[in-house]
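Asks: Please build the complex by placing chain B on the supplied structure of chain A, with the hints as guidance.
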Amino acid sequence: MKIKGLILLVLAATLAVAVPIAAQAANDATITITMSGPTVAIDIEVEPAEWSIESVQLNSSYTKDFTLVNHSSVRVDTTIAGTDAEGSGHRWRLRGFPSNNAYEIEYDIEGPGGDGNITTTPTDFVQDLAQDQSKNFSLTVKTPSSGDSPGGGEALQATVTIHAVQG
Amino acid sequence: MNGKGWLKWAIGVLLAILTISSAPALAQEAEGWAISPGEARIDGILLGESVNLSITVANNKDSPLAFTMSAEIPPESELRPGYEQIPDTNWITFDSPLVELDALSRQEVIVTVTIPASGDWGGRSYECWLRATSEAMGMLQVELDCRLLLSTSAAYARGIDWILVGVIAGVVVVAGAMAYSNRRAIKRWAGRW
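Chain order of the listed sequences is A and B. So in numbering that gives the first Met the number 0, spot 12 of the first sequence is number 11, and the numbers just go up one at a time. So in numbering that gives the first Met the number 0, spot 76 of the second sequence is number 75, and the numbers just go up one at a time.
Errors might be hidden in some of the hints.
As the list claims (entries may be wrong) - Derived lysine-lysine pairs resembling DSBU-like cross-links, with alpha carbons at most 30 Å apart: (1) A/K63 <-> B/K186; (2) A/K134 <-> B/K60; (3) A/K63 <-> A/K141; (4) A/K63 <-> A/K134.
These are calculated hints, taken from the structure and not from any lab test.
Pulled out of the complex, with its shape left as it was, chain A reads as follows:
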């Protein structure tokens, strides 16, 4: 009789736990959101799209002009950031001015856009750029005043990232 009672108790406790688990298994689902209405696409273009500096030397300056075009259907805000230059066992740190194994990248936006140094942290670049509008800007790389210099066939890779989001 005692054993029967114990079995009943265990059975009741098991049911109390198992029923919600079974219900969870049956109800577990992922909801899919479908969005409709006017589609906004974020689409910016940098012209020219590519920039490579050949035969880079210490204590030198390299400038290139670009155009940023907003092909989006909305206004966009952009930021700009850079990275250290690394490769072939060399490393140039991105700093606010050139020094030993430290290099600098400056931007200069045409008109009232302003100028400044590119850092590894994204900073505001062209703001509130309207649909189908463009902005000219230039980038200047100033190589280290002293330090490691890549030899023939060696290359350093640095990246300037322009980021856009709906304003």
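Replies: Showing chain B alone in chain A's frame:
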């Protein structure tokens, strides 16, 4: 102007309107690469719930292009009013973290948002940026973001509420134990009926 003249004039005007209204869309399709939508909003996600949405990455260039997808915490200064930074980008996953597109093609990427069931995440509004990063072209790289605006519900998704399960199990066990210890009294009481 006779009847046919009016008809020709009306058709001409209609064609002109169609041409003008479709021109910006065509121009938009013809350039660079794009992510859409620019902003997506999901309201009332239950705690413990997963929600899928799709974003599209389009390569409008005449050469192949590769992108990586990621979820990013937006800078505080860029947040939409009323939203706070998403606490953990691990809440967001992509079915295709790497997207390789042929020239003039597009791909839908499924984004899954999962709000953890445990934690103080209910009744809040979070912003996360869904980012497509193009491969670097020399020194240059472009990133495009879709703003994802999330509002969570204070309720739980239908699932295991372990506290409730524990209470139910406890009540059943205690009631069973009481019934067992008083089985003779219960038997007598039942016998009267």
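Asks: Next pair to validate is A/K63 with A/K134; report whether the Cα-Cα distance is within 30 Å.
Replies: holds, 14 Å
Asks: Hinted pair, alpha-carbon criterion (30 Å max): A/K134, B/K60. Please report holds or violated.
Replies: Roughly 21 Å separates the two Cα atoms, so the pair holds.
Asks: Does A/K63 pair with B/K186 here, judged by a C-alpha cut-off of 30 Å?
Replies: violated, 96 Å
Asks: Would you mind confirming whether the straight-line C-alpha gap from A/K63 to A/K141 stays at or under 30 Å?
Replies: Cα-Cα ~12 Å, so holds.
In this structure, the one hint that does not hold is number 1.
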